[in-house]
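**Q** Letter by letter, the chains look like this.
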Amino acid sequence: MAGASTRSGMSAALTLIGKRFASSLLTLLLVSMTIFVIAQLLPGDAAQEALGQSATPEQVAALRHEMGLDRPAHVRYVSWLAGMVSGDPGQSLVANMPVSEVIAERLPNSLLLAALSALVAVPVALAIGIGSAMNRGGRIDRALNIVTLSMVAVPEFLVATIAVLIFSVKLRWLPSIAMASSDMGWGDYLRGVAMPILTLSVIVIAQMARMTRAAVIDQMDRPYVEMAVLKGVAPVRIVLRHIMPNAIAPIVNAMALSLSYLLGGAVIVETIFNYPGLASLMVNAVTSRDMPLLQACAMIFCAAYLILMLIADVTAILANPRLRAQ
Amino acid sequence: MSEALHVEVKGLTVTARNAAGEVFPIVSGIDFALKRGEVLALIGESGSGKTTIALTLLGHARPGATIAGGSIRVGEHDLTRLDRAALAQLRGNRIAYIAQSAASAFNPSRTIMDQVIEPALIHDLMPRAQAEAKAVELFRALALPFPDTIGARYPHQLSGGQLQRLMAAMALITDPELVILDEPTTALDVTTQIEVLRAFKAVVLERGATAIYVSHDLAVVAQMADQIVVLSQGRIREAGAAAQILHAPADDYTKTLMAAARPAIRPAPEKIALPAAPLLEIRGMTAGYGKIGKDGRPRIPVLRDINLTIERGATLGVIGESGSGKSTIARVIAGLLPPASGQVLLDGEALPPGLQGRSRDQFRRVQLVFQNADTALNPAHSVGRILARPLAFYHGLKGNAARMRVLELLDLIRLPATLIDRPIGGLSGGQKQRINLARALAADPQLILCDEVTSALDTVVGAAILELMAELRRELGITTMFISHDISTVRAICDDILVLYSGTMVETGPRTAFGVAPFHPYTDLLIGSVPEMRAGWLEESHAGAAPPPIGEISDHPDLCRFLPRCAARVDGLCNTTPPPRRPLTKGSQILCHHGDESLCPL
Amino acid sequence: MMASAFQRAKALPVSGKVGLALVIFWLAVAVFGPMLAPYPVGAFVAYDVFDGQSAKHWLGSDYLGRDVLSRLLSGARYTVGLAAAAALLASTTGTALALTAAVGGAKVDEPLSRFMDMLISIPSKIFSLVLVAAFGSSLGLLLLIAAFTYVPGNYRIARALAVNLAQMDYVQVARARGEGRFHIAIAEILPNMIHPLLADFGLRFVFIVLLLSGLSFLGLGVQPPDADLGSLVRENISGLGEGALAILAPAVAIATLTVGVNLLIDAIGFSGKGKGR
Ligand SMILES: Nc1ncnc2c1ncn2[C@@H]1O[C@H](COP(=O)(O)OP(=O)(O)OP(=O)(O)O)[C@@H](O)[C@H]1O
Ligand code: SF4
Ligand SMILES: [Mg+2]
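Which chain is which? The protein sequence lines are A, B and C, in order. Using numbering that gives the first Met the number 0, you'd call the opening residue of the first sequence number 0 and step up by one each time. Using numbering that gives the first Met the number 0, you'd call the opening residue of the second sequence number 0 and step up by one each time. Using numbering that gives the first Met the number 0, you'd call the opening residue of the third sequence number 0 and step up by one each time.
What the hints contain is simulated information worked out from the structure, not anything from laboratory work. Only a predicted model underlies this, so the values are computations on that prediction, with no experimental measurement involved. Backbone N, C-alpha and C fix where the C-beta goes; we use that ideal spot for every residue, glycine too. One should not assume that every hint holds.
Unchecked claim - Across the chosen pairs, the derived CB separations fall in these ranges:
1) C/R7 x A/S78: 54 to 64 Å
2) C/A36 x A/S78: 33 to 43 Å
3) B/R421 x C/G103: 26 to 36 Å
4) A/P222 x B/A3: 28 to 38 Å
5) A/H73 x C/D116: 16 to 26 Å
Based on the sequences and whatever the hints tell you, model everything.
**A** Below you can see the structure in the form of structure tokens.
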């Protein structure tokens, strides 16, 4: 009886996950439309702009044709989308090479930076979040609250500046400019990226820790926690065995949100430290109005965000017995 | 110190801190003692400090509160002197707790078995396998269904009554010497309550544990307790043996409590001599939630084939357990939920099904009064604004005229005029419920739909509201639909009664018909489940007997909905054929295969 | 009214008082700052670039030898003014749409919410970069872009609040009374959302300050000769290696502003939940 209900529950969960996946794909499609519309349709005529005011109408028309701008919007959208999906999002106007190549050079750097920062940030944030929740209202909690509250509101460039002041100006431990190239050894690489990692982590830790604390505290007020106390369960066991199974979904959600920040939100950190990542590439694309490159970068960031949120939601589905075993 | 005393509380004071940081007592000067194996009941209204005291017997105070003085001796320990670790050793081991709402006191993400045996495991009392075996044994003793597999389920897969019994299993797994039961049946329907009470009595009390039973319901307490302590505002009003408190209360407050617990039957006001045209009529109404399917039934059907009439000036009581669809009837009449089929006629004219298309006058004539005045009144508005809105909306009253009328209304509901500019937040529950009623009256309605207007209130306050409603009815001649889950209240104030079970009308008739047997089997269960205020009732009551076995149930959609729980079901009939609607000689109509003759022996 | 505001301020915890003081300070700077500037904003007044603190130049000089304090006092007006206007625009638009969705039934709510969900899945920095690339970054456009970027976040929170409130019994009573949707949205639902919405407004303001100064820092925000606090950081980025005061001062200025708002919201105690920056 119980077995049967669990099995059908599992398939219910799978259906739910399937639906969630489909909805992510749909959202991604809508996002691509939005980005396309904003980048390609609204700002006016790219050909006119490229040639300047002095161009003759014939010249403009010729360039429009060459750029494919004379085709109807939906045709251009579909061919762009097809290009994106097949890994060829077009030609970068500024770099004068395929967008895919430009991105292929930068994407691994970004992923590596994000991964290393996450490696530092996640454990620290979990420890701070859970620790301050357990100490709720106490000295440590209040102090951490003020610190993390301030850190989430501090601009990245202040964190970066202070880091530089301390570690390269005063202590002379680390270089103030990040260096990352493929021929570097791991030791040099890590020294080179320590500062960006530090800056990114500080900001992300604060965010994650706050959300983790909120998720844990939200559970702490539930009657089942009081019940556990009255059963004589020890505090650590209460957190690990009673609260965590219920708080895991919001915590993973917090992690996912913060990690998405590590990719797209790293714009400023990458720029400050001259780190050759995807976000700073996107800034260059904006400055030079290199629309194909810009659109491709934007789509990558949006896709990353959606994947992370998808992972968070799937975790939530799997962690919740209501959804898992209906 | 007497050896025989198992629990002894002396001069207990618990304090809390208010928003301004001042310390004030929540309970103070509490003394009581009980012998091993005795049951002591703590009784009082909400906020009187029952739960606070109960928790101190586990050495626990809720966040913000502190045990500030006195001693709490359980066996050889004084709980006020133990440190955290020592308390944790006792809790869930020698002293166990059964919480008010089992539905929220179980962890939603862990299986029942995990949680039930946890106390035994963390206190190292027995190995897992033995604990599980013992749990199954307890499940069986507590009359839970599927005792061998129920432990594998999650809390959301079980009903409130089942969870409450599982909570008892969790408490008893360690064979505690003291069990604290905090309103363990308050959240349950009466018909479920009786089953849980029986299980508790059989398992908790007869194992010889000492128990403290917290409740606001004197009749429930009468079944369980040897001693009763009556609390009010954090102090003991009266304490003594159960029989003495129940039959010869000395304190005035106890007397008021007793009086409020037994509502007086109010003589029906003389019907106004109008032509006996019904004010409200519902014909063949079916309603529910979700999309309406091809068969004309909504995806989640709630009400099936409802037919009723309310005479001008009369009060119709609608009674049924939680989820039976009582509120849904009111929502359909008010237009909040368009019915899937059927008609609602007001004064002979059909009301448009939903809100759209109703005229302002039609809106005015039907007014809705919700159960919980806390949520029914907008906390952002003042008393005056709430009452003035219907006056402006329906009658165009503005400025001074509106203010005069608001003052009149306040007077009508016996509230002081000074409340007019007060925000809703600061009022008491009873005051809010009066405002809630006055807002409906401000419209000058023909019909008011009262949905559980006294359920959220303490008995004494609730009784005063009922008194007020009876008066208003006499003065204004308003027609009322009175929705309640409490049969005694309905019997006390209504002219006609409709019993709803799972969205079908199982019995309808005049009030008098509900004073004499025979009843529809569900009505019988409902009436038989209401605890009486005397010891021994629980043992004598036949309500909630196990239904006789029956063969396979056919898939006819209109079979009797009560079949799974019916003690009078007939194999070969009830499980194959939909029941007919038939009159009983006492004056009511029932939906059942049984008639006058065959119901009598019940 | 004034008295009760004063009472409330007095009841705040220390962190809240600090926050309130910082907020008031920066509002005052935004209004009066340029009048107090010791030197003209664009004037080259110091002999040295990246001077440290001195009696003549309290915050030193910048990469061109201009007075940092004077530039900061004028930059603050851009940062505070633009962000406040954008946050106000984002909050009112988001809340108005949320109320429409809450009382408009599934036909309005579903497409609108779907659309907003889609927008919310474009990370805000990325979204604003695309918008800047497409439309440019005049002051007016920046305001619109910042507001537009944060409408979906406000909408999500306001809608959750409004949909919950729309289920409340008193709203059901109002519907059964025959009240129109507009009355229900404005008189019954909105007044009960004000506190969390104010907190959300504060949060949006912080996000927008960070967004706009980030854009300016990247050279995509406020364009010369105008300069907000982010632009000041950018101008002086060459001083980063030596940790110049000219770069530290505007960065600290932004931080005190945003941290102040955050501390204040937290102390008042109805912090909404945002998606973060
Ligand atoms: N909006 C809704 N959507 C789906 N189902 C609903 C909805 N509202 C109520 N129901 C279901 O309809 C049934 C009847 O609900 P209703 O509120 O009318 O019961 P009730 O008799 O008033 O119960 P109570 O005594 O608990 O107030 C229940 O099973 C409930 O779960
Ligand atoms: S019809 Fe049968 S099952 Fe239903 S109430 Fe009557 S006897 Fe019981
Ligand atoms: Mg109800």
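**Q** None of the hints should be skipped; say for each whether it holds.
**A** Hints, one by one, checked against the model:
no. : hint                        : result
1   : C/R7 x A/S78: 54 to 64 Å    : holds (60 Å)
2   : C/A36 x A/S78: 33 to 43 Å   : violated (54 Å)
3   : B/R421 x C/G103: 26 to 36 Å : holds (34 Å)
4   : A/P222 x B/A3: 28 to 38 Å   : holds (35 Å)
5   : A/H73 x C/D116: 16 to 26 Å  : holds (23 Å)
In summary, the structure is inconsistent with hint 2 from the numbered list given earlier, while agreeing with all the others.
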